[in-house]
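Visitor: Chains as they are written, first to last, in our numbering: chain A, -15 to 290; chain B, 6 to 304.
Each hint should be verified, as a subset may be incorrect.
Said to hold, decoys possible - Distance windows between CB atoms, simulated:
(1) A:251 - B:132: 35 to 43 Å
(2) A:199 - B:163: 51 to 59 Å
(3) B:29 - A:187: 32 to 40 Å
(4) B:248 - A:267: 29 to 37 Å
(5) A:30 - B:161: 38 to 46 Å
(6) B:264 - A:199: 27 to 35 Å
(7) B:37 - A:111: 18 to 26 Å
(8) B:46 - A:272: 34 to 42 Å
(9) B:267 - A:205: 55 to 63 Å
For the record, the hints were derived by calculation from the structure and aren't laboratory data.
As the structure is a computational prediction, the values presented were derived from the model and not from experiment.
By construction, the Cβ of each residue, glycine as well, lies at the ideal position given by its N, Cα and C atoms.
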Amino acid sequence: MTTYIIRRILISIPVLWGVLTLVFISIHLVPGDPAEVMLMGRGHPADVAALRHQLGLDKPLLVQYWSFATHAARLDFGTSIISHQPVMQEIWDRFPYTAELAVSAMFLATIFGVITGVYSATHNRRLSGTLVTGFAVLGISVPDFWLGTMLAVIFGVGLRWLPVAGTGGVANLVLPAVTLATVITATLTRLVRSSMVDVLGREYVRTARAKGLRGQAVIYKHVMRNALIPVVTIFGLTLGGLLGGAVILENVFAWPGLGTLAVSAVTNRDFPVVQGTTFFFAVILIGANLLVDISYAFLDPRIHYS
Amino acid sequence: MAIADVAHQIADETLSGRRGSFARQILQRLRRDSSALVGLSLVGLMVLLALVAPLIARYQPNAFDLTALNQGPSPRHWFGTDYLGRDMWSRVIYGGRTSLPAGLGVVAIALGVGAPLGLVAGYAGRLADDIIMRLMDCLLAFPGILLAIGIVAILGPSLTSSVIAVGVALIPGFARIARGSTLQTREMDYVEAGRAQGGGTWHVLGRHILPNIVDPLIVYATLNLGLAILATAALSFLGLGTQLPTSDWGTLLSNGYEHMFQSWGEVTFPGIAIIITVLGVNLLGDALGNAVDARQWSR
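Chain B on its own, in the form it takes in the complex (with noise of 0.2 Å):
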């Protein structure tokens, strides 16, 4: 008993001890990062001006205004006006608040889903981790937006089928991730100790093996959230998302496409805040993939 407490003891501190200062240093990395500062900052902003939409919107973002069609950047119209005279500075910044928990929905999908289903695969082992992978293995097999096409296909075009289908086609990737993490560390001596005195399978799973399997997850999530955003977008774009009157990025470039030979205003700036989101989240994901990776620690 009193050895099964001390192996718990020393299981947890090793742990707990380990997390918190990997979790510093990963923090005093990025802060030293120039460029995870400078992607903070992009989604930082483009996340602040989602929030406060309606705070800053010079007009409703679906008010038209017939008297001002397919006009050009103004200091009445910031971004200038769509084919039916409504202010696209509103309905940029209103679109993000589509598009970006749009992302996050995807992530969060494909994260949910895909980490349990490595984590159990490289525990279980054997019948459990071939038939998730060679799952996996199935979905690897389509192109992803060819994947998530014909998931909105079942399920019929809206923004909720478009962000389940998207995130669905990223599944395999975390649970890949997941399980050969899962592998590694199931080897460790924290977990045999944990398995040694008593713990059960779940204790193990949750208390030893998920804690030290989130570092690879969080960047992978981040790096896929630019991703998520792009296809969630494109879906909408080939109006397989987001239906009327709700608009975000890829519906408004959509309309922007249609209207492309009356005003170039109406395509340009949705594309700009994509890419100034996506932009920041790849810089941010590639500085926290620099600062966890392990072989930049010895260097």
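The following block holds chain A by itself, in its conformation from the complex (with noise of 0.2 Å):
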């Protein structure tokens, strides 16, 4: 098991690298001088230089590359030329409020997404269980901005019930987590559908259910148990969309999360808050898949002695 874990984790540095590095590319790509782009073409000459020499964009490639390396190894992204302020210290402001929606999402999502996964694959071929999977495939095809924004416009708007922007309390953080774990729900909900389909048409189900065992006692003794290893690895695979959904949801809520701080770095051309925000992010992906990888290890001992 030790062996596996070390493994995974030497597996993960050269993605970590090769990350870095796409981060550190990604501002010579940029058309045309990226000093001169920050500041949207209205920069004073000198005004561009002097940007140039803060970002080190007048020093050889090689030693900028170095330089980025090192620095963004000890987290350190520069200075916001918005606000002026440390990238790192920006992002840790604004992650707490990025992992408060995240969890709270991927909670209900888990909850919900479970049973209406388990439910729509036990009664695969009655008319509840094809209206959940329906729904699950209506639910994959809503945008979540949209989502969000109509939930914003009933409950908001129309009943009153519920903030529609900002932080301050619980109810604020309703409408963004509910529109979430929405989205995440109807992805769950396929994904442990087929996978209880899978199982269900093993043969140790069969024999289960030759030997005499009810209905109820072969999904719960034998399905579910093994049905829901792969849902640690479903986890995994949502991450993404979770991370992605709470980018563009925290813009529809007025969250003030890594989301409203990526888009409104992206309209300011702010490229070291860029670099420092796709970095963060991937880096929390990495770090989750890891997780989920050596989880799944434990759960399932066929992993690691493959």
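Two chains, each in its own frame: build the complex with the hints.
Guide: Following this line, the structure appears as structure tokens:
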């Protein structure tokens, strides 16, 4: 097991290095002079030169790369050209909001996604099961930003039950978390269902039925135990969607997390912040997938023997 | 020479015979699948509306009418009007003329770049495989929409940038599918036969491997078309995609969001247009996936 975990961590290192390199290259792919672009063409030549110097763009490329990599290893992405705050400080200030939204949504989505996924698989050939599956297909077809806006129109503008923007309490979290959870629930339902249907077709399930075990007992003792192991991997699969959804919905509900920071940084061409937030999100995703893989090995002994 | 000719002929016949019957069987299965028909009808309807938009639009999509601001649906304005009195029905059907090609453009980029990369990685193996797939792993390490946002930051907000950005974010998936299928296909006897009768790398790739990895790629492309439409609309909604005066469904939703306190119609109808299209594409993609899925054949 230890060998497996060490090997899995070592595999992540080159990916992390590659991500870092891509983030570094990104500023050099900007058409024209990045410093001029950041000042939106309105900067005095002296200002452009000063910004080029501040960002180190006047140094040889390899020197820039080394400097970027060594600073990034210490999570230092320089200062924002808009707020003049250290980029990581801004990220740490915003991160708790994104984490709060993502964790609440994942909590809700896990409960509902597993229940509806199991239900639609065990009621595969009945109308109710088909309806649940249909709603899941509908769910993945609904734009999260539209659903969020509609819920805001109904529960915020129409009924005035909930606030439609900002933070301040649990009430503010309800609309963004429920919206994000709905979209993730639809994905989870489909994944749990397909995992369950796969296990339902296995021979040991047929054997369990053949020896006279009742339907419910077969489901709980044989099917769910085996079908829910891949659900851990499913968390890994939905994590990218969860973080992406959070980025968009934060902008819908004026939630002051990393998503609003990233989008405003792009609009303002604040490259240090864009680089910092993209790298930070990638690190979260790599770290979370690492945890998922490791926990999967604990749950399924076949993994670390292979 | 004679043996090589026979080998070539057998390989070609096997290939064309297999493909012909495979495509026929898939079409037969799709015809019997009600969700495929519903999906096709929904997509067909939205494509048709976008195509004939100039004929069926009741007003110019950008024509202001300051006497009819923020109106609800009525016989005069079927979907109501926006904050500048523009007819929402006309704007929604014209929006499809931007959103639908944008989605197709995204998939074309992802397929056009991802599939050859996967093909080369799977066939060449070793160093090429390592370099290409590690690069794909790095791209996959970013949450998709955030990678797209990062690319828009480089290129600057525009419709073209958003299409390229989402396309690049989807490349790794296509590369993985193409590589996996290529790895399976390159071990087949007919590929060996193609190589044995002197076929060069490009001949074997183009003539024997590519035709056999097309099916999973088509299914994957269909499933990703819905995602592409959603993602480009999301970028437009965030102000990073289509820029005024052009409007796609995402920018219409963004305008509707800004005026949701005045009018509900402005935000409702563009969203429904997206849902109908994406639902249709997803139903079609699922049905296509089921029809191609080898496990389904044996049942």
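Visitor: Determine for every hint whether it applies to the structure shown.
Guide: Hint-by-hint comparison with the structure:
The supplied range of 35 to 43 Å is met by residue 251 of chain A and residue 132 of chain B, whose beta-carbon atoms lie about 41 Å from each other. Judged by the Cβ atoms, the range 51 to 59 Å given for residue 199 of chain A and residue 163 of chain B holds: they are separated by roughly 57 Å. Distance hint check: the CB atoms of residue 29 of chain B and residue 187 of chain A are about 33 Å apart, consistent with the given range 32 to 40 Å. Between residue 248 of chain B and residue 267 of chain A the C-beta distance comes to about 32 Å, which sits within the given range of 29 to 37 Å.
Between residue 30 of chain A and residue 161 of chain B the CB atoms are about 24 Å apart, so this pair departs from the stated range of 38 to 46 Å. Our hint of 27 to 35 Å for residue 264 of chain B and residue 199 of chain A is violated, since their Cβ atoms are close to 53 Å apart. The given range of 18 to 26 Å is respected by residue 37 of chain B and residue 111 of chain A, whose C-beta atoms sit roughly 20 Å from each other. A hinted range of 34 to 42 Å holds for the C-beta pair residue 46 of chain B and residue 272 of chain A, which are about 40 Å apart.
Look at residue 267 of chain B against residue 205 of chain A: about 57 Å separates their beta carbons, and that is inside 55 to 63 Å.
Hints 5, 6 from the list above are not met by this structure, while the remaining hints are.
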